[in-house]
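Taking the hints into account, I'd like the entire structure generated from these sequences.
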Amino acid sequence: MRVAENLNLALHQAFESDPAVHLLGEDVADPYGGAFKITKGLSSRFPDRVLSTPLSEGGIAGVAAGLALAGHPAIVEIMFGDFAALAFDQIVNFAGKSVSMYGRRLALPLVVRCPSGAGRGYGPTHSQSLQKHFVGVPGLSLYEISPFHDNRVLLPRILGRAEPALLFEDKVLYTRQMFGDGIVDGVFSFDLMECGTARVFLDDPDTFDCVLIVPGGLAHRAVAAARTLMLEDEISCLVLVPARLYPFDVEPLLPALSRAAAICVAEDGTAGGTWGGEVAHQIHRRLWGRLRRPVTLVHAADTVIPTAVHLEEQVMVREGTITAALRETLSD
Amino acid sequence: MRVAENLNLALHQAFESDPAVHLLGEDVADPYGGAFKITKGLSSRFPDRVLSTPLSEGGIAGVAAGLALAGHPAIVEIMFGDFAALAFDQIVNFAGKSVSMYGRRLALPLVVRCPSGAGRGYGPTHSQSLQKHFVGVPGLSLYEISPFHDNRVLLPRILGRAEPALLFEDKVLYTRQMFGDGIVDGVFSFDLMECGTARVFLDDPDTFDCVLIVPGGLAHRAVAAARTLMLEDEISCLVLVPARLYPFDVEPLLPALSRAAAICVAEDGTAGGTWGGEVAHQIHRRLWGRLRRPVTLVHAADTVIPTAVHLEEQVMVREGTITAALRETLSD
Amino acid sequence: MESVTAPTTRGRAYELADEDLRILLLIRHFERTLLELFEQGELNGTTHTCLGQEYVPVALRPLLRPRDFVFSNHRGHGHYLARYEDPHGLLAEIMGREGAVCNGVGGSQHILRDRYLSTGVQGQSLPVATGVALGLKKTDPGALACVYIGDGTWGEGAVYEALNMAQLWNAPLLVVVEHNGIAQSTPTAAQMAGTIGGRARAFGVRHHRVATSDIGRIRDELAPLLRDVRDQCRPLVVEFLTNRVGPHSKGDDSRPPEVIRLAREQDWYRRYGEEFPERMAAFDAEARELVGRVAREVAARPPSVWEDR
Amino acid sequence: MESVTAPTTRGRAYELADEDLRILLLIRHFERTLLELFEQGELNGTTHTCLGQEYVPVALRPLLRPRDFVFSNHRGHGHYLARYEDPHGLLAEIMGREGAVCNGVGGSQHILRDRYLSTGVQGQSLPVATGVALGLKKTDPGALACVYIGDGTWGEGAVYEALNMAQLWNAPLLVVVEHNGIAQSTPTAAQMAGTIGGRARAFGVRHHRVATSDIGRIRDELAPLLRDVRDQCRPLVVEFLTNRVGPHSKGDDSRPPEVIRLAREQDWYRRYGEEFPERMAAFDAEARELVGRVAREVAARPPSVWEDR
Ligand SMILES: Cc1ncc(C[n+]2csc(CCOP(=O)(O)OP(=O)(O)O)c2C)c(N)n1
Ligand SMILES: Cc1ncc(C[n+]2csc(CCOP(=O)(O)OP(=O)(O)O)c2C)c(N)n1
Ligand SMILES: [Mg+2]
Ligand SMILES: [Mg+2]
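In order, the protein sequence lines correspond to chains V, B, D and Z. Residues in the first sequence are numbered consecutively from 73, following the numbering used here. Residues in the second sequence are numbered consecutively from 73, following the numbering used here. Residues in the third sequence are numbered consecutively from 231, following the numbering used here. Residues in the fourth sequence are numbered consecutively from 231, following the numbering used here.
Accuracy of the hints is not assured; some may be wrong.
Lysine-lysine pairs mimicking DSBU-like chemistry, simulated, CA-CA at most 35 Å apart [claimed, not checked]:
| # | chain 1 | residue 1 | chain 2 | residue 2 |
| --- | --- | --- | --- | --- |
| 1 | D | 480 | B | 112 |
| 2 | D | 368 | V | 109 |
| 3 | Z | 480 | V | 112 |
| 4 | D | 480 | B | 109 |
| 5 | D | 368 | V | 112 |
| 6 | Z | 368 | B | 112 |
| 7 | V | 109 | Z | 480 |
| 8 | B | 109 | Z | 368 |
To be clear, the hints were calculated from the coordinates, so they are not data collected in a lab.
Next comes the structure, spelled out in structure tokens:
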């Protein structure tokens, strides 16, 4: 099953299981079904609960927060995650704050879905990964879809927390297959740790040289890098893919991390105040004295994401960026 | 001279020295002169170049970017820095991008001033320090005023770079005195390093146990902590206060940092994807193997900033938060 | 789609009910007390009093129902007191004392109680209220979401995004505009091109302007309009032409004396004092006494405790 | 503050100049070629063609001056070609080849050349254009800032924040609305309450609706209005009732066949083909040939180089 389809099913199930759930977004109604077709069929089945909106990202986020406040869990699709910038105030300064700023916890089941990432030639304002800008807001959780995490499990869990959340969705990932039955390919297997993080390994999840931590959008690139490193360098990697990016709990990963010869966190988007930096900091503090080297961060080049394919490739994090970074790290 | 006055003079001088400079913001015109009186006198002297605006933070940032694009360096006052959230799209996705997304560098002299920080009882939506949310945008620089950096030097330097920038201004700092002649108090002296970072030291900038790195808004609290640590624990601290937060160049600080028994970065705002995390990461990578312990980060408590003074104090970074953190670090 | 009240009272005269006068004066003295407490250094942070505008929420009191949501803004003490008559809880909130509505966390600008919510970011609440209205329409038919905003808040783009959606989707949304001719230090003419009525109409939203402060008349005018909000889910903007008698927050009134004088002249407090001096004096003394007692009681309380973070 | 063209041509008939026909057809074939290249897998990413709307920037061509700023949006190829007649530079930009206006970095939606700038975030350019207009007013009196937006873009709050400031501060701002009745998949009625005219007027901004695609007539109508934008610094919204003949981007046209048929019927291309078939055929062949040559030339170029990051 393609990831897009899995996500679509997850939305259908959320609507089936809770008659209060709503979804809002631009062009989400049938027959269009959203720019990436993730909401296909929803408006036909649940016409009263799917609102195809005007171009008003800030307003939509606010309306969704209002629905949530009135007891209707609300899911927003921001057509391109880049435009979440227009909803920054509503997400960070209303939804994120309201769960605690009134002196007691308030339920606010709100999920803002952000199709993100480059690699499709959409250019500088339609290809960003804005995760880092939303990291570190108390009361606001960040998730990212992955080919390992069934969204039919993830989405109800997010909604169940009844707190505002952003769900980042890599646009290229939409077109890929979900992995199932613990199988990634002939070489790699995966399982889900109890904490929810997926781990991809060769034969044994406890035998590896390096650890690669990536959000779901980078999963394929990370696995490809692991494969290359294994074949060409005989370096074995454990790839860790958490579903929840923030708050991030490094604790359950420490046993594995403390055994790694090198740890690398790769993420889309530019360096500076990133999610990966946050992960690295937690690792440095918790494993100080037990790490052979500092955590390596891999990012996109320090500039905008250009439109032309050949330029986009120069800027984006690719499989090769990750392998090169790990090789360099190990050669230190 | 109070910091507010220094900033006001800096604005006056910017207007005097360049007849194209404009300033926009809510209630910035005389006789009101802005919510914090920072723009006093400007509109009387330069009525054509000071625009007292409607409540339209996003729009104002856009108009300012337009002025800058048309060759008029523009300064925006966001009444409370928290509301920069409303201008996030214009700042990050227009101004920040436009300097490079057209395939060549574009001049865009834009400074968005953000009165920030807690400690004045303004409550959860009027007390934040949003620096971290703007960190890591290529083409967008972040500065913060301090009692050591004469804004009459800093502001022209920022404008001279002709690139979009945010200038964070601690609201409590407004009411404090600028330090001059290298004197902080009877005990501490300061100087400005060539890279522009201010360093506060006891007798000799090269003799210290620990290093404290803070943005300008925390300068007084950091110096107070240094004083306490000296008096009560006989720990001497070097306090480093950079004027430019991002991009941050750790290079010139490495000689000092490599000699420190402990390094602490303190900042207002909650943990997670912060500026301090970015600084820590750079230090960890550059001084790996030479640090005795990981960099300690100090933040506000992981929640909103409450209104009542006694609660605000529980949450904010205070002198005591910093001393406690350094003591704990050294006891590890 | 547009209607206006006559600014002067014509036709049948409305009696001001004791109950209304009592609450008007409760708010008045509450606000005055706040300014005094600030002057005495007893209060921290900032606060925005609704001096001169008290009659707006008092007029709306019987028109709103417990199941309605009310969204308030920075100038919200009157909105709260008219709904809950709870000066203790509000003052405790502002002073950070035990019994505070929000445990002292929200303070003057961020209050949540049942279906009442205020925020300090102008304009933010309009889309939220629209969402709530859409929710109410499904689960509480007949209930509405009422959101108070000032004239200056019409500068924010969020207002228009919300009006558009409210009208497109027939949200039972009532926008109450307290048009006091100023935003902080900026006269409306310097921050608003066009008119509030024109802006509502441009989105197909019904608009009614209230140019009187006569509470009975206001209620008569608004009752049928609010019925349509509830029954037809037809959004409505009610624009009160009103006056800010006090400073924006604490002593920051940069208006020319002439403008301040005019505002004071129109103050209901002054007018009622002239119209029925004895009744006013009696109620006034009672409210003053009540608020004074509240202030003493609350000041004597221990600091608020914030547990459920 | 409001004016409208008659939708049908009455009074004196306007001749379509060769020059105009030539550029109309240049744009038409440019856009068609893009869709073909996409189908052949020669292009990456996305693109939004202006099929059916080409006459809007062509009509404005002689009314705009080199010192004017033009802000374009996602559907901007016509805007660019009408200004610069540079199919090579634009196609190279879209294909990422040498000679690209922005070195292939911006692509279809992000173009900067002299005083022409486009962005892919709807609404963002209106406040920016307002700022530019204010700047021009000082340093280039008589010049204006022209910003193209679609009907759907009126959902964005930024539009209203900008209109308000433009009118308050007398910015020489010209907003050209290409009202094609749809935003991506959403018909205007489903995303806009009220009207564009009403919204402009609500901010005191002059509004003119163009209901014809007759280029000469459009120019006659707009010339005096644009003069006022320049000379009196009076903002103006010109709303073109127009038709999107093609898909939103690449083949994503979910409109009912009936609606698409109607749009095609009104297409100037079809009409001119009927009105003056021979002249059309000659110019059409020429434009087709030209764009074909451009496409071959550009496709043969090496990839663009991005140096000045
Ligand atoms: C988004 C935002 N911008 C600015 C402010 C600061 N501010 C608080 S009240 C106010 C003026 C509001 O004017 P108006 O809406 O007319 O209400 P009034 O104060 O007159 O009741 C301003 C600028 C704010 N709270 N939120
Ligand atoms: C802020 C923002 N939201 C959404 C989009 C995605 N998008 C691109 S074009 C478009 C429809 C625009 O409609 P309209 O303004 O009518 O222009 P048209 O496409 O009809 O020319 C949308 C939703 C965008 N580019 N920017
Ligand atoms: Mg007002
Ligand atoms: Mg359209």
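Now for the hints, and whether the structure bears them out:
1. With a CA separation close to 19 Å, the supplied pair residue 480 of chain D and residue 112 of chain B stays within the 35 Å bound.
2. Of the supplied pair hints, the one linking residue 368 of chain D and residue 109 of chain V holds, its CA atoms being roughly 27 Å apart against a limit of 35 Å.
3. Straight-line distance between C-alpha atoms of residue 480 of chain Z and residue 112 of chain V comes to about 19 Å, which keeps the hinted pair within the 35 Å bound.
4. For the suggested pair residue 480 of chain D and residue 109 of chain B, the alpha carbons sit about 15 Å apart, so the restraint of at most 35 Å is met.
5. Between residue 368 of chain D and residue 112 of chain V the CA atoms are separated by roughly 24 Å; this keeps the pair inside 35 Å, and the hint holds.
6. For the hint linking residue 368 of chain Z to residue 112 of chain B, the alpha-carbon distance of about 24 Å falls within 35 Å, and the restraint holds.
7. The straight-line distance between the Cα atoms of residue 109 of chain V and residue 480 of chain Z is roughly 15 Å, inside the 35 Å bound, and the hint therefore holds.
8. About 27 Å separates the Cα atoms of residue 109 of chain B and residue 368 of chain Z, which keeps this hinted pair within 35 Å; it holds.
Hint compliance for this structure: no hint is broken.
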